[in-house]
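Engineer: What follows is each chain in one-letter form.
Number of protein chains: 2
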Amino acid sequence: MAIIEAIPNVSEGRRPEIVERLAGALRSTPGVRLLDYSSDASHNRSVFTLVGDRGAVKSAILALFDAALAAVDLRTHQGEHPRVGAVDVVPLVPIEGVTMNECIALAKEIGSVVAERFNVPIYLYEEAASSPARRNLEDIRRGEFEGLAAKMAKAGWAPDFGPARPHETAGASVIGARMPLIAYNINLNTERIDVAKKIAAAIRFSGGGFRYVKAMGVKVDDRNLAQVSMNLTNHEKTPIFRVFELVKREAARYGVSILESEIVGLVPSAALVSAAEFYLQLERFSGEQVLETRLRAAE
Amino acid sequence: MAIIEAIPNVSEGRRPEIVERLAGALRSTPGVRLLDYSSDASHNRSVFTLVGDRGAVKSAILALFDAALAAVDLRTHQGEHPRVGAVDVVPLVPIEGVTMNECIALAKEIGSVVAERFNVPIYLYEEAASSPARRNLEDIRRGEFEGLAAKMAKAGWAPDFGPARPHETAGASVIGARMPLIAYNINLNTERIDVAKKIAAAIRFSGGGFRYVKAMGVKVDDRNLAQVSMNLTNHEKTPIFRVFELVKREAARYGVSILESEIVGLVPSAALVSAAEFYLQLERFSGEQVLETRLRAAE
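Line by line, the protein sequences give chains P and C.
Numbered per this note's numbering, the first sequence spans residues 1 to 299.
Numbered per this note's numbering, the second sequence spans residues 1 to 299.
Since the hints were derived computationally from the structure, they do not count as laboratory data.
There could be a bad hint or two in this list.
Each computed DSS-like pair below joins lysine-lysine, with the alpha-carbon atoms no more than 30 Å apart [as the list claims (entries may be wrong)]:
# : chain 1 : residue 1 : chain 2 : residue 2
1 : P       : Lys154    : P       : Lys219
2 : P       : Lys248    : C       : Lys237
3 : P       : Lys219    : P       : Lys197
4 : P       : Lys248    : C       : Lys248
5 : C       : Lys219    : C       : Lys237
6 : C       : Lys58     : C       : Lys237
7 : C       : Lys198    : C       : Lys237
8 : P       : Lys237    : C       : Lys108
9 : C       : Lys248    : C       : Lys237
Partial pick of chain P residues on the chain C-facing surface, computed with a CB cut under 8 Å [said to hold, decoys possible]:
#  : residue
10 : Glu236
11 : Ile240
12 : Val256
13 : Ile258
14 : Leu266
15 : Pro268
16 : Ala276
Predicted model only: the values in this text are computed from it and were never measured.
Cβ atoms here follow ideal geometry from the backbone N, Cα and C, with glycine treated the same way.
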């Protein structure tokens, strides 16, 4: 059975009754399991994590648009997190029994229906992007809702689906497909934030480091520790163990060691299994040997 | 949902039509998934791997006894592998949503029904054993089918269920509960079997090593390599990474390094995840963060 994960981000994080209504719209869609949702009041934003097959995910996202557009008005929305739409961004992630190409196709299908049914302009991003300039969410979102009308009037910023002007209250939505993202932090055995910043600069893509790593050096406030805080955007091509080992090596150059690392939120089993394969020097190993994978395959 | 794995071993590995009939008896039991089965002609033995909940596993094992007792006559059975019964041994393994104690209870329940319905004496072993002397399969099986009548007449060898004499054609059966067993080999960067034997002796329980490790030093015939060949009988208490690291350290004492390791057959996800946790120094990590685990929990 195909399992696709969707992580819609909605620009509402302060009214619990609205968030519950949105969660309810997802939860009540047949074939959908709502795994998690959380709201941030200062961001005024909620993030939902759901899984299902193609049809179920499509129905759930349409139901979410229906509920969110009735409740969110970006003209009066304020919050710290950048946003361009009421349903701001909808990434689709292939989990099991489904390819990236199928997730890209689903993103386009959902985008096309949303544009037609709700009159909301749609930008496709990441793997579903129609051009390299639209791969990065930050580029699409720059200017936010308030600058959207002017931006959409510029050459090159016509949406992939829907009208070439923002929806009055719901702006535009960004829909796409990507690999699962792993939020991964490494805490260093030091208080020196400058060391964490130097390591982050060395290992991230923008600094010449690994292609699928975003990183910054920060302070762990309550513990007086320096942290390399990362997003790993493709754990198959830039695996977690390789990032860990490089951070360890770079830290040693400053006489610093790794205190611990942590994964924030969910992680695909394969990302951890590949670390075990690396460190245990496993040869002739296949994911089919993992008992739980065999169980699901037999379902 | 409770998932229990059963790995019945049957004393028939030369007549494919019989093996197919036994597989069919398991496969056609409602709620059972037959994950794997294989036969060894020189051992004259077949091993079946199936999963299901309590009721399904019980029904499947009873169906297997029914089919095996009709087809196997130990009086004429020959093979290299030691055996005491037609259905020689049935380990039950807790996989998910079920405790070891529940598997022990199920082993007793199945043993009691088999003894009554088929008049086959039953010995409980491993975690289900009624005394320490019966924990080890080897101890129960010593003397094999041919020596069984004499053994059962001795003090201390009355079965846990059923008559105090062997079944005429089917001997006795050993049923129990245990943790999943991991067949794990480490190949050394040397031809020296003596080094593999010394390491094996140092790390195994019987030599004063880890409690849940059985190990021997062997030669990998077709590659001219020395191998430490192991069974890890409780990966929670003696984890795979700790065994790997100790073998590496012991090998270094002889100037030898690890070439590679391999897992033969199936491995529970948790055994690999714990290795990732160790090497990545993961803190505040819970199995609930593994996406696939969350998916199954939501089912």
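Engineer: When the hints from earlier in the document are held up against this structure, which numbers fail?
Structural biologist: Result: hints 1, 8, 10 and 12 break, sorted rising.
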